[in-house]
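Q: Here are the chains, one letter per residue:
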Amino acid sequence: MITFRKPIEDIDRPQMEADVVIIGGGPAGMACALRLSQLIDEHNAHHPDSQLSKDNIYVLEKAREVGQHCLSGALLDPRSMRELLPGFESEAPIDAEVTKESVYFLSKDKARKFPIVPPPLRDHGNYVISINKFVKWLSEKVEAAGITVFTGFAGSELLFEDDSRDADTARVTGVRTDDKGVDKQGQPKANFEPGYDLRAKITILAEGTRGNCAKQLTERLELEDFYHAQTYGVGIKELWEIPAGRVAKGEVIYTLGYPLTTKEYGGAWIYGISDTLVSVGYVTGLDYEDPRTDPHHVFQDFKEHPFARHLLEGGKMIRYGAKTLPYGGWLTMPRISGNGWMILGDSASFLNSQRLKGIHLAIKSGMLAAETAFDALLSGDNSADTLSEYKAAVDKSWIKDELFPVRNFHQAFEHGLYDGMIKAGLQQLMHGSNLGPDSKNEAGYLRMKHADALSPYGDGRHHFLYNAKGDGKLTFDRLTDVYHSGTRHEDDQPVHLVIKDLDICNNRCVKEFGNPCQYFCPAAVYEIVETSETHSGKQLHINFANCVHCKTCDIMDPYQIVNWVPPEGGGGPNYDGM
Amino acid sequence: MKILVCIKQVPQKDAPLKLNESGTWIREDVSYEVNEPDAYALEEALRQKEKHGGEVVVITAGPARSQQVLREALAKGADRAIHLEDDKFVQLDSTNTARAIAAAVAEENFDLIVTGLQSDDFGAAQTGVLLAEILGLPHATIIIGIEKTDSGLHLKRELEAGHYQYVDLPTPAVLTIQSGINKLRYASLIGIKQAKNKPLRKVAWAEVEPKLSKNLQQIERLYVPVKQKKTEMIDGPAAEVARKVTEYLKNTARVI
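In the order they appear, the protein sequences are chains A and B. In terms of the numbering used here, the first sequence opens at residue 1 and continues consecutively. In terms of the numbering used here, the second sequence opens at residue 1001 and continues consecutively.
For the record, the hints were derived by calculation from the structure and aren't laboratory data. There's no promise every hint is true.
For lysine to any residue, the following SDA-like pairs were computed, each having C-alpha atoms within a straight-line distance of at most 20 Å [claimed, not checked]:
(1) Lys189/A / Asp492/A
(2) Lys54/A / Lys1193/B
(3) Lys1183/B / Arg488/A
(4) Lys1196/B / Ser53/A
(5) Lys1193/B / Gly146/A
(6) Lys473/A / Gln1228/B
(7) Lys1013/B / Glu490/A
(8) Lys184/A / Asp1121/B
(9) Lys1193/B / Arg64/A
(10) Lys316/A / Leu1159/B
(11) Lys1013/B / Arg64/A
(12) Lys1211/B / Asp1121/B
(13) Lys263/A / Arg488/A
(14) Lys1183/B / Val1226/B
(15) Lys141/A / Ala1064/B
(16) Lys136/A / Pro1011/B
(17) Lys473/A / Pro1225/B
(18) Lys1193/B / Gln15/A
(19) Lys141/A / Asn1020/B
(20) Lys1227/B / Arg199/A
(21) Lys1013/B / Lys189/A
(22) Lys1088/B / Glu1133/B
(23) Lys189/A / Gly1180/B
(24) Lys1227/B / Thr480/A
(25) Lys136/A / Pro1016/B
(26) Lys1198/B / Glu143/A
(27) Lys1183/B / Glu490/A
(28) Lys1227/B / Ile116/A
(29) Lys1193/B / Asn56/A
(30) Lys136/A / Arg1065/B
(31) Lys473/A / Pro1016/B
(32) Lys100/A / Ile116/A
(33) Lys1018/B / Ser274/A
(34) Lys136/A / Glu1033/B
(35) Lys316/A / Ile1026/B
(36) Lys136/A / Ala1064/B
(37) Lys316/A / Val1226/B
Next up, chain B with everything else stripped away, as it sits in the complex:
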């Protein structure tokens, strides 16, 4: 199987976030890491390759710093990488990101494209699905199990409240992967060293720009929620107070 893994670099979970001057995103002076569900997508791709043979290619869009996530993926066993390298890629919405990725891999024929189900920073959960639409491929989301069959893929999806759904898709297909589908491997020293010599193709902004349009979504304002505490006194006879409290918990707070 020839597999493409789309990976995003996001701020580290414990990074101290501060808003930028214009209040539209965070200040970028933080450390970054691989988006968690994307790490699981990569692991799943590597396991499929180990079982069925083939090739794993990783792709990301972002500034120079995001090359780090490709290096990590190569160190863990991916065969080659594609870097859509430009600061401007950070500002793209999901549709344009998907278009950029589609344009960068237009010449290649993947049997499978996987990515995390959403990013830890924006959390839009759209890029994977939009990429499938643009490429005209079937897709399935929130995948927690992949099995290759004669006709394609047998997949397990995670639904709400402990329910699962099983679906079968033909390949090629796009899947968005849920964290926890597998157990992540560690990069080894020899893997890190070898990664230095693996092919990494850079794609410039200008190469994909013709395929992009104006962003359909943008962040107007980002702000830190203000903590507030409100106390309401309920007076009256005990039975009456109890009734009101129960009502409040049931209908307003909706905790019972």
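So here's chain A without its partners, still in its complex pose:
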């Protein structure tokens, strides 16, 4: 019997008043906090008789330390940072400036270099960074500015004024933090510490990809349009130490093609952090049709391709991580503000999938939301009307200039790679337009096929179906990789992967899809074990302590019965240096 996590009921929760609560201390949340602080400082300098206080502005971060749940390649387009902190380059942790870039198309054992680098992938002027170190640095600025960052506290659910489900009238009144000290039966332990109800004038959701509060809000207020559903990819990353001379510091390489077939969306990145340290990873679109596909295996497969093998062989994998990213772009952006709330960054689709970059957009969205929040604090009006300034500001900013022209980019690939490359090429010439209306986009899990509709031969995919075994040197099984993610959770707590109906997993999914969770999870959380307790003879076992908080299960589960909620704050991966 699995007990799932839910807030403990019928207890007196401590309350705390707040002006602004930012849920999530990533690039978007930290930029938002910092911009807000700048505006308050500016105001206070000019208005000695009407001072604004920062005492009640808070950032919630579920990781034990800021940055430990942040994962990206990462390349930083410095545009927004130069606006936020002019001259930031002199003090920010930057590994290298991009000096060289190339794109390859891989077939089974060959790599063909694109004669020219497609303009969107030209990265000169961008920086190779560790997003973990970068965000840690940003948070030091935020704390030095006098804003409190609560690390080890997750936003477990949003608080609403009433039962309204209408986006125009519903009001978010704050957020509840996670209950701490709950045992695996869901009972309070001796050191139980109830989650707080943070009553906020403005609640800002900056949780990153598929945020749980953002999901709660999206579902409750029906913010997402079925035909413009968010689509995602899952990025699997390893950090490798390699012999010098193979990749230059600041070199950027992208690949398309193998091991994926033309039916799946995805590709690899290789970023030279130093002469001997390289970030290598693979993004697989979470809209594949074969439920046996294992994105972690796709990446392992990629490393066995001669192109990657030459780069990595004899080196040493030192860190691992996995995280989803939203691909949908401008057309899948939900409503981003309402009464008392705004959404930033990845949670609100601020990512350019054509350029494979989102950090700069996350930062910019945080800055714009901060400007709106500041005006609201000043006027004392946090209504949807006032906060809609945020969307207006986004529309007027370079975010729209950047995202609108590529709005149909990912959608072009829904019929495969070749079709997509032709369409994307045409869009490039036509400033983003299709030959018809804008593309529609259904949720990726809808494309997954039933097990009995699949070719027994795997359609040329057999090499990445099912879990990778790994050779322990170049390739790894998931458990070895998870070990290198530094993931740690309190063992004695309820399962935070909340499954609405286990009967679907144990009986229906076994037959229909063959339990794809055991393949798509890059952290081996889901395991199917033999049992006599179910009709099918199979039962789902959840190793929640392995969870790297990537959200793949929440996104890709074909029945949409998995709800990822934050475990006890502080638990999760440790992406130090990633």
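On the provided structure of chain A, position chain B as indicated by the hints.
A: Chain B in isolation, oriented as in the chain A frame:
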């Protein structure tokens, strides 16, 4: 009771450790946390204060980053903090660390000084005991139970193989605490917020330097153990092989 808790900041347990250039310590680009036994020492101090009243003061020695462990302690309920702040404190051996702490609290009279029984990084298990010697106080180590009595403290010590020892000490005294003596509390949001306004006294290197001497211990070389596997074939008749295997397991491997 006026209680001092000595806390050390150590690399996180799951931090990827790499040796520094000179091979004498690790590279410092990792995340840090409170040394685990010290967290239990703090919890025990807070519980004693809750039972008997008084004050809990926390102290650490280390660079600016180590202020984090003091903030955490203040958030959990400590009343004030003392930070011996300088990068140089990291290089001190146990004796000098104990001297520095003793110098920093020379003006104060604590009824009880507690600390973890050892640090997760160096694992020397000396600082607490040396501090007692320097201050001229009685001490007891590996404590898993503290009871205040009329004359002082009734203590439970953990020995090997499931044995315990009970000792009585007068106060003031120094105790080194074993992990698991209690159940750690979580810091609350309001605690974290209030911690910002609690007093934190910084002590500079120069203030305690006169009390220090040359390190008595230092790390010469640190290296990653090389994994090796050796296979030995034992030939001969079955009875003979069995006898040799048993002998090996008994005398060399010492597993039976």
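Q: Looking back at the numbered hints, which does the structure fail to meet, lowest number first?
A: 8, 10, 12, 13, 14, 19, 20, 21, 22 and 28
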